[in-house]
Every structure is written in C-alpha cells, then in structure tokens.
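Model the full assembly from the supplied sequences, consistent with the hints where possible.
Sequential numbering from 1 applies to the sequence shown in the UniProt record's numbering.
No wet-lab data here; the hints were simulated from the structure.
Don't take every hint at face value.
[Unchecked claim] Label-pair ranges, simulated between beta-carbon atoms:
1) 604 with 325: 35 to 43 Å
2) 323 with 9: 30 to 38 Å
3) 9 with 588: 57 to 65 Å
4) 326 with 589: 29 to 37 Å
5) 604 with 437: 48 to 56 Å
6) 386 with 483: 16 to 24 Å
7) 425 with 326: 31 to 39 Å
8) 273 with 425: 41 to 49 Å
9) 483 with 539: 40 to 48 Å
[Said to hold, decoys possible] Derived pair list, reagent style DSS-like, types lysine-lysine, alpha-carbon separation capped at 27 Å:
10) 174 with 195
11) 27 with 180
12) 195 with 99
13) 35 with 186
14) 549 with 216
Yeah, the Cβ is synthetic: ideal placement off N, Cα and C, and Gly gets one too.
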Amino acid sequence: MNYPEHILHQVEKPGRYTGGEWNSVCKEWADIPLKVALSFPDTYEIGMSNLAIPLLYDILNRNPSILAERVFAPWLDMENLIREHNLPFVSLESGHPLKEFDILGFSLGYELTYTNILNMLSLAGIPILGAERGGDFPLVIAGGSCSLNPEPLADFIDAFVIGDAEEAMEDLCKGFIDAKKRTLSKPQLLRELAKIPGIYVPSLYQAEYNPDGTLKSITPTVPEAPSVVNRRILPALPPPTVKPVVPYIEVVQDRGAVEISRGCSRGCRFCSAGILYRPVRVRPAEEVITAVEGIMDNCGYDEISLLSLSCSDYPGIEGLVKTLAEKYADKHLALSLPSLRLTPDSVSLVNVLAGARKSGLTFAPEAASPRLQRVINKLTSEEELCATARTAFESGWTSFKMYFMIGLPTETDEDAAAICQMVGKVNALSRIAPGRRPQIRLSLASYVPKAHTPFQWEAQLDEESLYRRADIVRQGLKRWGIKLSWSDTRMSLLEAVFSRGDRRLGRVIYTAWQKGAKFDAWSECFNFSLWQEAFDECGLNPSFYAHRKRSLDETLPWNHINTGVSAEFLKREYTRSLEEQDTPDCREGKCHACGLEKAVTECADRLHRK
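As structure tokens, then:
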C-alpha cells in the first residue's frame, strides 16, 4: 500500500493511488542502477489513456539496468492530504518517493498542464527551478508534442527529448548510467547529454531580446550544445506494447490500443501533429493482427482501438478490419477507429465495427466554406458531407456530431455563417432516418496558432471577435434547435500564449502556480484571474504572444528546434494559404520537398521519382 488506508478512505477515487494493477512491473529497487519515474501531469484516468506512457514503460523495463515506474498528478483531495500529513509523493509500483529516482520524465501533450508539473515537483520536495537542483535530486526531463516549443518550460526542465522518444530515451538513459559511473557533476552530465541527437538542454543556451520584446537570438553557451537540435525520427514503428498495465478503475480510454500508423501527409495547415509526426510510418497488417491477439490474451480486453492520426489513410484498412472481425468473432471483439475522414466509406467501415450498436458518429470538417477550406488545406465538399450524413442516417446512426473551428486565418463573417448552412443541410437529411430522428450536435473550438505549422506567424483572433463569430453560428442554429458546445476562449488564449511563447513565460507559469493555478485544463479548476495577475506582476502581456501577427523574418522562439520540415516549406504553404490554394497529399501525388527528403530515404526516393 503506497499511502496509509486512512488517507485513501478520504479521497474520491483511491484506485488512482494504490498501484498493483495487472501487468504492472515491480523490480527489486536495490538491484537496478537507474530508476526512472514516468510522470504524467494530469489525473490517472487521463494518463493511463495516453499511448506514450505504456510504450516507454515497456521499452525501459525490458532493460535489466533500468527500472521504470509511473506517477500521475494527484487530484485536489489527495494533494491536500499529502500536504496536510506531510506524506512523501510516491510512485505507483514500489511506493518510493519521487525524489529518490534518478530521472523524472514528464509527458507533455497539452499546454494547460504546465502548472501541474510545478505542483508535482513541489509535492515531491524537488526544487522547481532547474538551476536550484543539484546532483542529489532527480534529473527532470520532458518529451511529447509540446516539447517542440520547449521555451516556456526552460526554467524547470533539465533536458527535453525532441521527437520520437523510444530510441532517444534509451540513449539518454545510457548516457546517464555512464555519467553515474564516471561520477560526473550535474553540469558535466548536462553537457554530455547535449551531445545526444534529439536532446535539448535549455540551460546551455542563452536568449537575447530586441527592444520591442521580440526574440533576437538563442545561442549555445558551450561547445557540446548544437546550434540546432534535430528531431529524432524513427524509420519504422517500434514493436507494439502487447502487455500494458490494466487499470483497476475506469479510465478515459478503457480499452486496448494498437498504433497502426504514425504521421499524416494530408497537410492541414493548422495542424501541428501533421508536422511533428511526419513522415507516415505504417505498421504491417500482420503485426497489427498479432498485437491485437496479444493484448486480448494478456489483458482480457474485448475492445481494441486502432490508433492513427487518420485511420482512413491506412493502406487496406477495410481488409484489416474485416480480418480482425472474422478472426476474433468468437471472442466478440469490438474495434474502434477514433480518427476517420468524413466520407461515406468511413460510415460503411464503422457500420462493420459497430454491428448492432449504433449511437454516435463524429467528424471534423473544421471549416465550412470552400474558400476557407482551401486556406486551411482541408477540403470537404458539401456533396461529400451530405452523402456521408445520408449514409449514416440510413444505416441507423442516432447521433451525428461535427467539429468546426472559428477564428481561422482569413476567416470572415460569411465563413462563420457557412457553418450554419452546412449544418442545416445535414439536419434536413436527418428526416430520412428510420425510427427516431438523429440528434445533430455541433462543437466549436477557437483556433490556436501552433509552432512549426504554416500558420505559426498568424495571430489568434481576440476574444471579442471570437464571441461575435460564435454568435453568428449560435443564432443561425436556433431555428433547428441544434445543440452547440464551445471551448473556453480564455483557455484557448493560454494555449496560444504557451504554444508560441518564449522562456520569459517561465516566470508567469511559476507565479500563476504560486497563486494556486493547477489543473487548468479542467473547467472546475480553471481560474483565469490568477493568470491575469501573474502576467501583470511579470510585466508581460498575453496579447503579445497570442494576438500579434509575426513577420516571416522574425526570429521565433523555436527556431533552434528542427522538426525536419523546413521553414522554407512552411513559408511556401503560408503563401499558398493566403492565395487560397490547396496542396495535395504528397503520398497521392508529387513530393512537395518539405525538408524531410533530406533525412528520410523514402521521401528522397519519391522526390527523385517525381
């Protein structure tokens, strides 16, 4: 038992903190040279649904010299009890205090978890600022999609893993073990780690700013630190995890999962994942089938998600699904494909998966007008949408949900009104459904500009303009009684600030956390006034980061992080967006020379062929 029973009896969900789950790995602490705590800065239910945690947990624990255990952000009730009773903040597997580990590694998937990182360090009794952590404390590292602009967290993280973490983490661990044998000091260790491809050590770089507040430069201060840190790119997907830890309590994604492909070549200009996970790497169907069987045997799951940024683009997805459905028919296997393009074929595919269970379908057109679709490079014709909806309704689906964004670059009031027109046509088609008329739902998100995308230079729309655009949609939907949900614009503002921010924002994050900011992604915990106070006290304006359009020659805070996709390509795509020109999928036509042809053999071959 990691925490006393009388403590666990006082919290809402004690299963978050007990450990001992099926397939968890608990090695003999004293026998292992390197101890790693894989940390997720959100609750157990969300962290256990994250694909990176079980993947790294499996890879690291296969190494006899490494022990990998898990820890998640405790909910408010548990945090209060830990502080009140002066308890150590411990790992799930062995119950050892976090400050006794060698490495504390955070997975960064969302900007609004940043204050939770500081809170977890505080609970563990680990100095929050990297400059105040000597060699007696764990090395604090981070990886994940948000690490592609690591600067806002530069004050707190000792080293970032840039790109695919599977091999990079093994290299980092080897480097740490070697440094430990050589009894290197922490500054010496960091300089050694900076030599590893894909490892960024922010303390070894100096940032300078122009009088107008823009970034002048980020330059290395030691010879071991490269001027540009290149993203680690795996040539092929690593073996799938077939023996993941099975939670005792219900989690967000309470099923098995197999990553069938990584990367997307569609080129949506607002999408950071489409850049950060390039190129597309596909898992062979035979490997997927074997992995599904392994997960079912090792975990008892009868539902498996096939994960990809775009499952529809997996070669032979129909054949794969049919094979899995037939092979495991006697085990009543349920399959889910959480990421499908909006086409009638997708509905037909999901019909096979769902069998008799037909509740809700979700698609994301993002924009409604043909003009704005060309701008963002995500084309969904009205004919295709209507054909998809008709197929869904005739097949008996009872709910049809659509996601759109407002505030996209070049968006006008007419573009916002086009959302109502598109949704109205879907609503009219719902009358053909047999039985109960399907429910049409609409979700709006405020556009957030992201680093390393063609829209990284664009401004986020200010709150007043966002409300006005959303009201155009809301008023247009009233006549049909369609349900509309909309993301909090203040949360979206913070996302934009940290997505494109510099390392001066570390003071803001620290100040907001001191004032009580935590679990900012949870509406019941989010308190924007704390952030307003923090920005004011630090003398920074969030609008400078979120609402300011940037020139193409401005030095961006992430310029020293190379994703493999060149700035020249991003600028070309940005220009094409302003010219309202779409760019075809590079896997279906010519290579667009995005930069990966310099690092990826398959891309180079395609460019040469074309």
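Point to revise | Hinted pair residue 174 and residue 195, Cα distance within 27 Å | key: 13 Å, holds
Practice item. With respect to the beta-carbon atoms only, verify the hint that residue 323 and residue 9 lie 30 to 38 Å apart. Key: At 48 Å between Cβs, range violated.
Practice item. Look at the Cβ atoms of residue 326 and residue 589 and judge whether their distance stays inside 29 to 37 Å. Key: 34 Å, holds
Review point. Is the straight-line distance between the alpha-carbon of residue 35 and that of residue 186 27 Å or less?
Key: Holds. Residue 35 to residue 186 sits at ~17 Å (cutoff 27 Å).
Review point. If you check the beta carbons of residue 9 and residue 588, does the distance land in 57 to 65 Å?
Key: Given range 57 to 65 Å: holds, Cβ gap about 58 Å.
Exercise for review: Would you check the hint for residue 195 and residue 99, treating anything up to 27 Å between C-alpha atoms as holding?
Suggested key: Holds, at roughly 26 Å.
Review point. CA of residue 549 to CA of residue 216, is that 27 Å or under?
Key: Given that 27 Å is the threshold and the Cα spacing comes to 17 Å, the pair holds.
Check your understanding: CB of residue 425 to CB of residue 326, is that within 31 to 39 Å?
Key -> 37 Å, holds
Practice item. Given the range 35 to 43 Å, decide if the beta-carbon distance of residue 604 to residue 325 lies inside it. Key: This hint holds: roughly 38 Å between Cβ atoms.
Exercise for review: Hint says 40 to 48 Å; check whether the CB-CB distance for residue 483 and residue 539 agrees.
Suggested key: Hint holds: Cβ distance 42 Å, inside 40 to 48 Å.
Check your understanding: Does the alpha-carbon distance linking residue 27 and residue 180 stay inside the 27 Å limit?
Key -> With Cα atoms ~20 Å apart, residue 27 and residue 180 stay inside 27 Å; holds.
Point to revise | C-beta pair residue 604, residue 437: status relative to the range 48 to 56 Å that was hinted | key: 53 Å, holds
Going through the hint list in order, the structure does not satisfy hints 2, 8.
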